[in-house]
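Residue numbers (UniProt numbering), protein chains in the order written: chain X, 1 to 354; chain Z, 1 to 334.
These are calculated hints, taken from the structure and not from any lab test.
Honestly, I wouldn't trust all of these hints.
[Claimed, not checked] Pairwise CB distance ranges, derived in the manner of DEER restraints:
id, chain 1, residue 1, chain 2, residue 2, range
1, X, Ala326, Z, Pro32, 57 to 67 Å
2, Z, Pro281, X, Glu248, 51 to 61 Å
3, X, Thr262, Z, Glu119, 58 to 68 Å
4, X, Asp10, Z, Ala111, 52 to 62 Å
[Claimed, not checked] Cβ-to-Cβ under 10 Å is the rule here; a few derived chain Z residues that face chain X:
id, residue
5, Glu98
6, Asp105
7, Glu107
8, Lys108
9, Ala111
10, Arg184
11, Gly259
12, Leu260
13, Leu312
14, Leu316
15, Gly317
16, Thr318
17, Val321
18, Leu322
19, Arg323
Model, not experiment: these values are computed from the prediction.
Yeah, the Cβ is synthetic: ideal placement off N, Cα and C, and Gly gets one too.
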Amino acid sequence: MPGKVKTIGDLIRGIKEKARPLRFMEVCGTHTMAIAKYGLRQLLPAEIELLSGPGCPVCVTSQSDIDLALELAGRPGVTLFTFGDMLRVPGASGSLETIRARGANVIICYSALECLQYAVNHPQEEIVFLGVGFETTAPTVAVAIEQALAHKVNNFSVLSFHKRVVPALQALVSGGNTAIDGFLLPGHVSSILGQEPYEFLAREYNKACVITGFTAEDILLGILMLLSQVENKSYRVEIQYKRGVNPEGNPQALAYLAKYFTPVETTWRGLGAIPESGLGLAEAYKDFDAFRRFSLQLGRKEIPTACSCGEILKGLKKPVECVLFAKQCTPLEPVGPCMVSSEGSCAASFYYGR
Amino acid sequence: MDQDCILMSHGAGGLKTYQLIKEIFHKHFANPILAQELDASLFPSAPGRWAMTTDSFVVKPLFFPGGDIGKLSVCGTVNDLAVSGAKPLYLTSSFIMEEGFPLIDLEKIVASMAHTAREAGIQIVAGDTKVVEKGSGDGIFITTTGLGLVPGEIDYSPQHMRPGDKVIISGPLGQHGLTIMAARGSLPVSTSLVSDCACLHELLNPLHSPEIRCMRDPTRGGLATTLNELALQSGLGFLLEEGAIPRDPAVEGLADLLGLDSLYLANEGKAVVIASPQAAPRVLAQLRNHPLGRQASLIGEVTGETPGQVLLQTDLGTKRVLRMPAGELLPRIC
C-alpha cells in the first residue's frame, strides 16, 4: 500500500477516504512538534483526533525528581550538569534556573561526555550529570560511564531520571480511561528498541501501531497506515520509518542499556509510579550512581497545581483545555513542564497551534 | 613579551599594560588617529548624520570555522551600522581578559580584528583593556562601538513599512548559529559547516534609496525573531512563503537531525531588506550581483491583516505562526 502513495495530496485524499471518528496518539515529543510545525491538523479531517502522549522526557519528569535535583545542586562542592530544557521545569520550591541565579553550580550541556570532560578538568568538584531521556539518550550516558571507568574519573556521577517508553504505554492502555485507537510510535526510540517490544499493543489491546518518521510525509503516511489497520481490523506493528528503524533495533545500543542500567520503578509526571519504567544504574556501576553517592531519598510529596500536564500526557485533555494555558502558563513563565520543553505539547500548541 | 599569557599586572596600568598595548594592540590596529595616544581620539567631522552602535561579544569557542571572536566583533558592529544605512567609519574596542589567557590567542584575535577592519575600510580609533582574575571571566570578552555616516535622505525605521512591501533575505539562514553549536564539540556529529560571519556594508550601502523601507541583520534569534520585532514595532504583520526561503542543505540536514529550525538560528552575514513592491526586483538583482548576496530571495511580504504576527505559508499549504522564541535554542533530547 505505501508504495503506491507518492504525494502529500495523495496521502491527504487517502486519509479523507478512510476517515472516521478515531483517536490516535503520537507518543514522541518530536512528532508533537512536527505535527504542530507543519500545521498537519489543518489538513486532516475533523474526525481524526491527534493526542500527544508521554514521549517528551522533560514533560514526564516528576516534580519530586526536580526537587531532588534542586536539593543536590544546592549542596556545597556539587556541580550539576543537565540539558537546557530541564533548567526551567518547576519543582515545588523553584527550578534549577532559580537556584543557579542564587549561586548553585548548574551548567547546561548537550551531552554526558561534555560533563565528563568537565569532571576531568575539575577534580576538586563533585560533578553530577542529571540525565533525562528515553532509550535514545541513555546509551550515550552509558558510554560516558564506560569512559569514566576506563580513565578512573572518580568525581563523576549520574542522577538517572531516564525512562523506558514501553512500560508507560503499557500503563496507558491498561489504565482503561483513555480511548486510543492507534499509536504513532516514536521513530528515534524505536531505532534502538526495534519493533518487538510494542507487539503487545496490537496483540493484546487491538491498537493500530505504526513506527513513524518526522517529515510531514512520514506522519501523514503513518496516519494512513493506522487507518488501513483499523479499516481492516488487522492490528500490528508496522514500520513506516524504514530508513531509521530496523525491526531488531540497534543491538549495540541495547547491549549498553542492558549492561549499565537496570529497570526500576519510577514516577512519571501525570502517570504516577510505574514498575520497571525507569533506568537506574546497574549494581556494578553503583560508584557512578548519584543516588547512592549522595544518599538521596526519593518519594517527596507532589504539591498539586492547577496545571493539566498530567491529563494532557494521558491524552485526556488538549493543551488549550487547561485553565492555565497561555494565561498563567506561557513559555516565558511556565507552570508545567509541557510548556517548558522544546518537545512539549503545550509549547507546540502555544508556538504553532493557535 | 616575556610571558605567554595574560597576568593581573597587564591590567594594572603600569609598564606591562603599556607593553601589551604597544606590542599587540597598536602593532595591529596602527592608524594615525590611534597613534595620537590621547585619552580621547580626535577625528575630523563630516557632513551628514552620525549613526552609533555598540555590541559585546562573548562567543564560545573563540575560534570557529569561518571566523573568531575578533572578526565577529568587527562584523557585528559594522553590520548594525550598515543596516541603519550608515557607511561605517570608526570603531572602538574594549577587551576584558581573564588572567592566564594565552597571549598567542590574544594576538591572533587582535590580528583578525585588524584584518577585518582594514578590509571593511573602518579605523579602530580607541580602546581599553581590563584583566579579571582567573575564574571571573571566560577567556576574553570584546565590546565594540561603531560610528558611521548616514546620507541625508536615509531613514530605515520600521514605521516606514507599508502593507504590500516585499521581504528580501540576502541568503540561506542558520550557518553561524549551527557552526557555533557544532564547534563547541558537544553535538553527536561532525560537520563541515562554516559561519557566514561577514561585513555587509558593501552589499547594503549601494541599495540606499527611499524605496527601501527598513533593513535588519537577523543575528541572535534568527529571521523569525527579527521579523517578530519589526512586526511589533510597526504594528503590521508578515506573510512568508516557506518554499521561497533559501536553504543551505548542510544546515537544514543537521538542524533537522537536532530538532532545530533554521529560521531561529543566528546569522552573522545576512540581511533582511524590506522594500517597496516597485523597488524589490531592483534590490534583488543588486543583492544577487554581490558575492555575499548570490542566493538572495524574495521570501514574502508585509501585511496589514495580522498585526504584530509573522505567518509562514508552508509548502503543504498550511499556515503557521512564527513566534518570538522564549529562550535559547536547544537540540532535542528525545
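Okay, the hints, checked on the actual structure:
1. Ala326(X) with Pro32(Z): 57 to 67 Å: holds (59 Å)
2. Pro281(Z) with Glu248(X): 51 to 61 Å: Holds - the Cβ-Cβ distance for Pro281(Z) and Glu248(X), about 56 Å, lies within 51 to 61 Å.
3. Thr262(X) with Glu119(Z): 58 to 68 Å: 59 Å Cβ-Cβ, so the 58 to 68 Å window holds.
4. Asp10(X) with Ala111(Z): 52 to 62 Å: Holds - the Cβ-Cβ distance for Asp10(X) and Ala111(Z), about 58 Å, lies within 52 to 62 Å.
5. Glu98: It is violated, given that the least Cβ distance between Glu98(Z) and chain X is near 15 Å, above 10 Å.
6. Asp105: violated (18 Å)
7. Glu107: For Glu107(Z), the interface hint is violated, since the closest Cβ of chain X sits about 25 Å away, which is over 10 Å.
8. Lys108: Violated. Min distance 23 Å.
9. Ala111: violated (28 Å)
10. Arg184: Because about 7 Å separates Arg184(Z) from the closest Cβ in chain X, which is inside the 10 Å limit, the hint holds.
11. Gly259: OK, holds: Gly259(Z) within 10 Å of chain X, min 6 Å.
12. Leu260: holds (9 Å)
13. Leu312: holds (9 Å)
14. Leu316: holds (6 Å)
15. Gly317: holds (8 Å)
16. Thr318: holds (3 Å)
17. Val321: holds (7 Å)
18. Leu322: Given a least distance of 8 Å, the restraint on Leu322(Z) holds.
19. Arg323: Result: holds, 5 Å to nearest chain X Cβ.
Violation of the numbered hints given earlier is confined to hints 5, 6, 7, 8, 9; the remaining hints are satisfied by the structure.
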